[in-house]
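Visitor: Based on the provided sequences and hints, a complete structural model is requested.
Listed below are the residues making up each chain.
2 protein chains.
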Amino acid sequence: MIGAGNVATRLAPAFKEAGRSVVQVYSRTADSAGKLAKILDTGFTTNLKELKQDADLYLIAVSDDAIGEIARNLEIMHKMLVHTSGSVPMEVLRTASNQTGVFYPLQTFSRERKTNLSQVPICVEAGSDEILAKLKLLASGISDKVVEVDSDQRKMLHLAAVFACNFPNFMYQIADQITRSANLEFSLLKPLIIETASKVQSMSPENAQTGPALRRDKKIMEQHLEVLENYPVIREIYKIISSEIEKSGSIE
Amino acid sequence: MIGAGNVATRLAPAFKEAGRSVVQVYSRTADSAGKLAKILDTGFTTNLKELKQDADLYLIAVSDDAIGEIARNLEIMHKMLVHTSGSVPMEVLRTASNQTGVFYPLQTFSRERKTNLSQVPICVEAGSDEILAKLKLLASGISDKVVEVDSDQRKMLHLAAVFACNFPNFMYQIADQITRSANLEFSLLKPLIIETASKVQSMSPENAQTGPALRRDKKIMEQHLEVLENYPVIREIYKIISSEIEKSGSIE
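Top to bottom, those sequences are chains A and B. In the numbering used here, each residue carries its 1-based index in the first sequence increased by 221. In the numbering used here, each residue carries its 1-based index in the second sequence increased by 221.
A couple of the hints might just be wrong.
No distinction is drawn between identical chains; accordingly, a pair holds when it is met within one copy or between any pair of copies.
[To be verified] The calculated DSBU-like cross-link candidates involving lysine-lysine, where the alpha carbons are at most 35 Å apart (straight line), are: (1) K300 with K256; (2) K259 with K460; (3) K259 with K270; (4) K273 with K439; (5) K439 with K468; (6) K300 with K355; (7) K468 with K355; (8) K270 with K460; (9) K259 with K335; (10) K335 with K366; (11) K335 with K273; (12) K300 with K468; (13) K460 with K355; (14) K270 with K468; (15) K440 with K460; (16) K256 with K335; (17) K300 with K439; (18) K460 with K237; (19) K460 with K300; (20) K357 with K273.
These aren't lab readings, by the way, just hints derived from the structure by calculation. Values in this document were obtained by computation on a predicted structure and should not be read as measured data.
Guide: This is how it looks when you write it as structure tokens:
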């Protein structure tokens, strides 16, 4: 396991639980490497030159920026080399190995939170059918949803994930600020947030939409813009998204 | 029950289940009024002048625009008159009754979807302690979360709800478009959407944030902006929100 961040810390124990053996952890920092190695009851290194040479799979789960550099410093030509990134093409691994692949878990991982991987789509891609079969087998050990996704599709999926996860979460952040400014608890919004996410599990987001912009309720929207007068950026976000909802939606 | 839309259609049956009797349904359109009245096994009218005069409570659950007009056409001075809006001040009811209140369920309602109300915060406000007590009792029959919220706070809560619900849902809509354009299924994103909403049930949105903007991963963001080149508005939304996440967040 090359990397010991959020993704590595979720994947490695899941592999172990699925009966795979994680023989070594690498990280630039001894602290991170040591922590994950301890969870796995295995060894670790902070030196790429000390990687064990007899592993079946070398899985790079580091930040997108660092993947290329690690690949350039690896020499494992006839070993399976795979990264976990949503955005980096498989090609960057070619210099280091002739058995390349991608193993991209489509989920948001935070250190403090344990995630159930069984429902998380694992998007796999490989340079050959043989590697693809191996990755599918590995993925099916930890998740019920294994899908083949090529590098171009994966890039789009990652962009979609930003809109499905990071941006809604930022909207929650703004909602948090607004409730606090009115001496109200953010927790009042929690059932609404869950219901909004739950609705699109069985309805299209288009059909699930509600609210003043969809209803084209100009009076309420003007009221809201007035409240946001001293928050120009949030006000701009409100305007642009509301205007798009107005355009896209049919009346409630 | 004055109104027969999404909110009325959720609340009225819940009241009935809680042992309250809904004696009549009003709606401008006979079709809507009739449908809801049938569910409740009660009568309906499309004429405000034909409202039964002996109800304990007149609950206005219509679009924000229409509340004032209905209030102007009601004469029930010594009866309890309450609306369900997040944005309309209680005062608009004053001309019609001297026993006014607000009963605002903080949730997104769609006709096709049955919502469990027990976890939905009911925000109550009233012109007197007596009415407040009655509304709290009524609310506690259908929900475990009853909170007192004044008109100013309620306006802010409604604005926060737009950011917690309508805007995330519009982000899902964009994600849906992006996945479809790459021949991928939107359903791949469903576990991510649920996990994102679930995280903020126990973490602050700030701590839950992940993704390229938080990591200040310029390369990925430029790649994403390139993909969105032909979608100027979505591109603008991407830029403005990413820039705010960059500013607000600490490095992952």
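Visitor: All hints, please: hold or fail.
Guide: Going down the list of hints, with the structure as the test:
no., hint, verdict
1, K300 with K256, "within (26 Å within a copy, 66 Å between copies)"
2, K259 with K460, "neither (50 Å within a copy, 40 Å between copies)"
3, K259 with K270, "within (21 Å within a copy, 76 Å between copies)"
4, K273 with K439, "between (65 Å within a copy, 33 Å between copies)"
5, K439 with K468, "both (13 Å within a copy, 31 Å between copies)"
6, K300 with K355, "within (12 Å within a copy, 72 Å between copies)"
7, K468 with K355, "neither (47 Å within a copy, 42 Å between copies)"
8, K270 with K460, "neither (54 Å within a copy, 40 Å between copies)"
9, K259 with K335, "within (17 Å within a copy, 47 Å between copies)"
10, K335 with K366, "both (18 Å within a copy, 28 Å between copies)"
11, K335 with K273, "within (29 Å within a copy, 56 Å between copies)"
12, K300 with K468, "neither (52 Å within a copy, 41 Å between copies)"
13, K460 with K355, "neither (49 Å within a copy, 39 Å between copies)"
14, K270 with K468, "neither (57 Å within a copy, 38 Å between copies)"
15, K440 with K460, "both (13 Å within a copy, 28 Å between copies)"
16, K256 with K335, "within (16 Å within a copy, 46 Å between copies)"
17, K300 with K439, "between (62 Å within a copy, 31 Å between copies)"
18, K460 with K237, "neither (49 Å within a copy, 40 Å between copies)"
19, K460 with K300, "neither (52 Å within a copy, 40 Å between copies)"
20, K357 with K273, "within (24 Å within a copy, 66 Å between copies)"
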